[in-house]
Amino acid sequence: MTELLVGTKKGLFVLEGEPGEPFGVTARAFEGEPVEYAIRDPRSGRMLVSVTSPFYGPKIWYADDPSGEWQQAEGVALPESGDIALERVWVIVPGEADGTVYAGGDPGVLLESRDGGATFTVNRGLLDHPSRPKWQPGAGGLCLHSVVTWPGEPDRLAVGISAAGVWLTDDGGASWHAGNEGIVARYLPDDVPGDEVALCVHRLQRAPTRPERMFMQFHGGVYRSDDAGQSWNDIAPGLPSDFGFPLAIDPADADSAYVIPLVADIDRVTPDGLVRVYETRDAGATWTPRGDGLPAEQAYLTILREAFDWAGEGEALQLYFGATSGAVFGSADAGESWFDVATHLPPVLSVAASDAP
Amino acid sequence: MPVVRVRGPLKQLAGDCSEHAIEGASVGELLVELERAHPAAKGWILDERGVLRRHINVFVNGERGGQETPVDAEDEVDVLPALSGG
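Residue numbers (the numbering used here), protein chains in the order written: chain A, 1 to 357; chain B, 358 to 443.
Covered, in the sense of this in silico footprint (three residues per stretch, anywhere, with C-beta under 8 Å from a C-beta of chain B), are these stretches of chain A: (1) 47 to 57; (2) 77 to 86.
Derived DSSO-like pairs (lysine-lysine); straight-line CA-CA distance at most 30 Å: (3) B:K368 - B:K399; (4) B:K399 - A:K9; (5) A:K10 - B:K399; (6) A:K9 - B:K368.
It is worth saying that the hints were derived from the structure and are not from the lab. Where is the CB? At the ideal position from N, CA and C, for every residue including glycine.
The task is simple: from the sequences and hints, build the whole structure.
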């Protein structure tokens, strides 16, 4: 049995089902509120949810049972003495150290918890980075949407910010340096300085069995890094478009990545009326379309950056993604075939998959 | 003493009480004091800079006001989510 936490524009939906069959909604929470992201921490079983009320601001909530009582996490804010406020929490990620949980938010900030998500503090190294005055928001704000841990090394992190590029730390977040070499932004002049950070990273993932390898979906580009995010190589050739938002991997295969191309930044729908996931098993040298069971005609979907996740690995890899149409699709065979998980949810903002408790 | 009225989740967070008599000379002062007296409500009306959240409206005696709006002892201040959404 697999559990999906689906964050939607109108609340959290908890779905459960057997891979390959339609899932059922087993719980709802935060009805009517935008749930940007929800995850179950596999270490504790605790569910953590980010809710950005248009009225009351961004909050993180946690509970062990989605139908039970939710607790509001403390410290989900920026320093009171500052001149910026937390606008939104995009992603929540369990860290490598016991009890550590990260939350990435707008305006390009990283929040850290050492108690499993009950209390957070802002990472000052990134907040106070001297390059911050040059950071520019993307269309969705200055969002820190990707927090990529390094298996077994809690002090090593990579984060992706739209549109402020990739930032790397080797000292637990005390200091950060940019990792953007090789990224080409078509929306910038050709002669832009090499240290330009106005780079619209859409999603990062790390290969856990070869942690120095990462994959990136960029705002017009798909990249691979083999040096822990310091430099990036273009692996988009072979895709119908290099524009898209989410990116998934098979954790058992360091050469694997999955993307869902959209037409372009000016037309953010699946191309040609076809919904296709593209898979590489050779680190981006070639791409294979995976669409068996996905909508194949008059299908113009938008899949957002946090709305693609996986459970399991290898031949048992399950993949799940949701669209702003409210449809959620799944694969129980690593993308070979797909099935309808749910068809009529509110616009899907995020999907997180795990074994059902 | 001016009275601040809240409803919905703000009422729950403010001790499950909808009316709060608070000392203060402006709407902003009343809201700061309301959040101070009820820490569960901290950050729900004012953000961490102390700025009234964009989609929260305040009315003083039925007239639209703002943080700087002065208040007198007999004034009534309503704090309401804006009519917005999608």
